[in-house]
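Undergrad: Below, each chain spelled out in residue letters.
Number of protein chains: 2
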Amino acid sequence: MSRFGMFGKLTAYPGQRDALVQHLLTAATLVGSAPGCELYVVSTSPTEPDTIWVTEAWRSKADHVASLSIAGVQELIAKARPLIAAMSEPILLTPVGGKGLTADSGR
Amino acid sequence: MSRFGMFGKLTAYPGQRDALVQHLLTAATLVGSAPGCELYVVSTSPTEPDTIWVTEAWRSKADHVASLSIAGVQELIAKARPLIAAMSEPILLTPVGGKGLTADSGR
Chain A
1 MSRFGMFGKL
11 TAYPGQRDAL
21 VQHLLTAATL
31 VGSAPGCELY
41 VVSTSPTEPD
51 TIWVTEAWRS
61 KADHVASLSI
71 AGVQELIAKA
81 RPLIAAMSEP
91 ILLTPVGGKG
101 LTADSGR
Chain B
1 MSRFGMFGKL
11 TAYPGQRDAL
21 VQHLLTAATL
31 VGSAPGCELY
41 VVSTSPTEPD
51 TIWVTEAWRS
61 KADHVASLSI
71 AGVQELIAKA
81 RPLIAAMSEP
91 ILLTPVGGKG
101 LTADSGR
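Read top to bottom, the protein sequences are chains A and B. Quick note, the first sequence lines up with residues 1 to 107 if you use this note's numbering. Quick note, the second sequence lines up with residues 1 to 107 if you use this note's numbering.
Calculated from the structure, these hints are not laboratory results. Accuracy of the hints is not assured; some may be wrong.
Which copy? The list can't say, so a pair holds if one copy fits it or any two copies do.
In silico DMTMM-like cross-links for lysine to aspartate or glutamate, where the CA-CA straight-line distance does not exceed 20 Å [as the list claims (entries may be wrong)]:
hint : residue 1 : residue 2
1    : LYS61     : GLU48
2    : LYS79     : ASP18
3    : LYS9      : ASP50
4    : LYS9      : GLU89
5    : LYS61     : GLU89
6    : LYS79     : ASP50
Sequences are here, hints too, so could you generate the full structure?
TA: Written out as structure tokens, the structure is:
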């Protein structure tokens with residue numbers, strides 16, 4: 001079983017980036033304790049003022065899919081959505097190892 | 001002081017991806033214990049067989065720059081370079097928080 005990961009790029013409506021970041025940090029606490037969540041990091045961009053990147057790593061794709069059903073996640077998505085001007089196709093990853101994955105048992 | 005981070009995309013020569021991944025995992029152990037290194041994750045791509053993504057987060061850009069002088073890092077770069085067919089301009093990040101940053105003290 002391979003890990004599953006992604007870089008997801010969100011573009012906030014002008015002036016809404018920091019509010020959207022706060023929703024995503026709340027999401028990080030909600031899904032961060034879900035089974036199989038090994039990384040959920042929220043970043044802004046030093047060059048694009050409305051950009052947010054979410055970096056996720058999961059033990060498996062199934063764990064990621066299951067996380068969307070955690071209590072509160074759909075409500076959070078509903079609150080965040082009006083702040084999102086655009087969402088790019090995520091860059092898909094197969095996380096292998098390194099520093100920061102919470103369960104770094106290798107491939 | 002803001003954090004500093006990046007997604008770095010490397011393209012290995014055909015057949016060399018896994019060898020390059022091993023060098024990067026060694027790099028992760030070397031720089032992972034450097035002051036200010038909060039994340040250093042190596043991923044492959046489920047869709048592009050020669051692609052490797054390195055996700056880094058640092059307490060500051062200065063910490064990242066200093067890590068290039070750690071004993072062994074330049075030797076490792078010298079070993080890895082012949083396996084690298086292309087290196088894209090990194091996507092720069094300002095990591096804010098979430099799960100996985102080793103020193104998550106907020107902004």
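Undergrad: For every hint, state whether the structure bears it out.
TA: Consistency of the hints with the structure:
no.: 1; hint: LYS61 with GLU48; verdict: between (30 Å within a copy, 18 Å between copies)
no.: 2; hint: LYS79 with ASP18; verdict: within (14 Å within a copy, 41 Å between copies)
no.: 3; hint: LYS9 with ASP50; verdict: within (10 Å within a copy, 23 Å between copies)
no.: 4; hint: LYS9 with GLU89; verdict: both (8 Å within a copy, 17 Å between copies)
no.: 5; hint: LYS61 with GLU89; verdict: within (16 Å within a copy, 28 Å between copies)
no.: 6; hint: LYS79 with ASP50; verdict: within (18 Å within a copy, 38 Å between copies)
The structure is consistent with each of the numbered hints, conforming to all of them.
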